[in-house]
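Protein sequence lines correspond, in order, to chains A and B. With the numbering used here as the guide, the letters of the first sequence map in order to residues 1 to 212. With the numbering used here as the guide, the letters of the second sequence map in order to residues 1 to 166.
Wrong hints could be hidden among the right ones.
Derived DSSO-like pairs (lysine-lysine); straight-line CA-CA distance at most 27 Å [stated by the list, open to error]: (1) K145/B to K28/A; (2) K159/B to K143/B; (3) K81/B to K190/A; (4) K108/B to K145/B; (5) K28/A to K47/B; (6) K28/A to K76/B; (7) K108/B to K28/A; (8) K81/B to K131/B; (9) K28/A to K81/B; (10) K131/B to K28/A; (11) K81/A to K49/B; (12) K28/A to K159/B; (13) K131/B to K108/B; (14) K190/A to K69/B; (15) K190/A to K49/B; (16) K81/A to K76/B; (17) K125/A to K60/B; (18) K49/B to K28/A.
These are computed hints drawn from the structure, not numbers from a lab. All figures in this text were calculated on a predicted structure; none of them were measured in a lab.
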Amino acid sequence: MKMKMKMIFLVWAILGTVNLFAHPVIYKDGVVLWTQLSSESNVIRGSYTFDPSFSVELNSTYYRNLDKYRDYTLGVNYLVKRWLGADSQGNIYVQAHAGFYEQKEVDENGFVAHGMLMGDWESRKYYTAGGAMLYYFNDQYLPKFNARIGFAPYDAGMDALQSWLILQVSYFEENSKNIEVTPMLRFFYKNVLWEVGASLKGDFFLTLMTHM
Amino acid sequence: MKKIILLTTILCSSIPAMAETLRLSVPGMVCQMCVQGMRKTFKKDVKGKADQKIIVDLEKKYVFLNELKEGALDTKSAILKTPNTGYHARVAQLGSTAAVTLPMGKIKVDEIKKRLSSEKIFNFVKVEKIKAGKDEFDYVEIKLKEDIDWEKIVKMLEKIFPEIKV
Numbered sequence: 001m002k003m004k005m006k007m008i009f010l011v012w013a014i015l016g017t018v019n020l021f022a023h024p025v026i027y028k029d030g031v032v033l034w035t036q037l038s039s040e041s042n043v044i045r046g047s048y049t050f051d052p053s054f055s056v057e058l059n060s061t062y063y064r065n066l067d068k069y070r071d072y073t074l075g076v077n078y079l080v081k082r083w084l085g086a087d088s089q090g091n092i093y094v095q096a097h098a099g100f101y102e103q104k105e106v107d108e109n110g111f112v113a114h115g116m117l118m119g120d121w122e123s124r125k126y127y128t129a130g131g132a133m134l135y136y137f138n139d140q141y142l143p144k145f146n147a148r149i150g151f152a153p154y155d156a157g158m159d160a161l162q163s164w165l166i167l168q169v170s171y172f173e174e175n176s177k178n179i180e181v182t183p184m185l186r187f188f189y190k191n192v193l194w195e196v197g198a199s200l201k202g203d204f205f206l207t208l209m210t211h212m
Numbered sequence: 001m002k003k004i005i006l007l008t009t010i011l012c013s014s015i016p017a018m019a020e021t022l023r024l025s026v027p028g029m030v031c032q033m034c035v036q037g038m039r040k041t042f043k044k045d046v047k048g049k050a051d052q053k054i055i056v057d058l059e060k061k062y063v064f065l066n067e068l069k070e071g072a073l074d075t076k077s078a079i080l081k082t083p084n085t086g087y088h089a090r091v092a093q094l095g096s097t098a099a100v101t102l103p104m105g106k107i108k109v110d111e112i113k114k115r116l117s118s119e120k121i122f123n124f125v126k127v128e129k130i131k132a133g134k135d136e137f138d139y140v141e142i143k144l145k146e147d148i149d150w151e152k153i154v155k156m157l158e159k160i161f162p163e164i165k166v
């Protein structure tokens, strides 16, 4: 078991996530509405989980510095593996999306596809996540990386406000040019999750998510 | 006489049936999403609102389905249904029936019986192969000879079957 957990950490360390979507696959018939807003990008997404290993989602992503790129995609998420510990869990997910993109500043549009490999490990006290994403559009491949680490200052019980202090590191050369470090606060109350933070450059960061 | 019979009938019909609680031990639950998943999955199995009747103890990893609807679930169907939440139940209890899920084929039936006989309160009922979600298990059903605290049941079964520990 320890070996398996080490493997998850290794995958996380190597890959680092992208638009970290809490768990992209949840419980059967679960619906997730999710949006992530920052100064340089925004994402809006809705997903439906058919069974606890498979979900389908609609997504729209915007990158301001990528010639005002916006896409509209349909995607699938698959839970490749879940490890359940006594007081922790680790997950590996893959995601594939395809759809349409447009870049208003350069008047480009066409087919876009993106894929993601994401891993996380969390207990009631600690949280780590990471992933790598690859965009394909306009005959180019653009990688994006993101990683997170966090801890909860207290253990929250059922229906109590769960709070996390999280540090996110992300890199998407074409949009932000540099590695972005974003400390944030995450709150989870019943079926609503929200994250508020600002990067070290001063860019704001907000996530809102609800699952039903 | 008729009045007495009528009164007795009215009194008896107004006494609600003893509502039962189904208990599950579900490792790996860490956050509020797990709570919501349990409520969504089992909401039709309890009387009243899931928010009030389905209790999830995130610290001990227990799920309590209070005021279970009559005939809605037994230990086996609850174990089979739990994977819809993304998790697995390893121990379940309803009334005098307890159940444990063991890795399939890891312990022979005679050995299961022998281990259970080491505790006086357990009576072996059956072993059955089940598929809960994508995983296959040996479902072991046990009769409890006396009323015993749920947490003690879990601890005793963990001791008898260390294989169920995550």
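Quick one, are K131/B and K108/B close enough, alpha carbons at most 27 Å? Distance of about 18 Å is within 27 Å: holds.
For the pair supplied as a hint, K190/A and K49/B, confirm whether the alpha-carbon distance does not exceed 27 Å. It holds: about 15 Å lies between the C-alpha atoms, which stays within 27 Å.
Given the hint that K145/B pairs with K28/A, does the C-alpha gap stay at or below 27 Å? violated, 36 Å
Holds or violated: K131/B and K28/A, Cα atoms, limit 27 Å. With a Cα-Cα distance of about 17 Å, the restraint between K131/B and K28/A holds, given a limit of 27 Å.
Agreement of K28/A and K47/B with the hint, judged by alpha carbon distance not exceeding 27 Å: Distance of about 21 Å is within 27 Å: holds.
Given the hinted pair K108/B and K145/B, is their Cα-Cα distance within 27 Å? holds, 23 Å
K81/B paired with K131/B [C-alpha distance capped at 27 Å]: holds, 10 Å
Between K81/A and K49/B, is the straight-line Cα distance small enough, at 27 Å or below? violated, 33 Å
Checking one constraint from the list: CA of K125/A to CA of K60/B, max 27 Å. Satisfied? holds, 14 Å
Holds or violated: K28/A to K76/B, with C-alpha atoms at most 27 Å apart: holds, 19 Å
Restraint status (C-alpha distance of K159/B to K143/B at most 27 Å): holds, 17 Å
Can the restraint linking K81/A and K76/B be considered satisfied, given a maximum Cα separation of 27 Å? Between K81/A and K76/B the Cα gap is close to 25 Å, so the pair holds against 27 Å.
Violated hints, in rising order: 1, 7, 11 and 12; the structure is consistent with all others.
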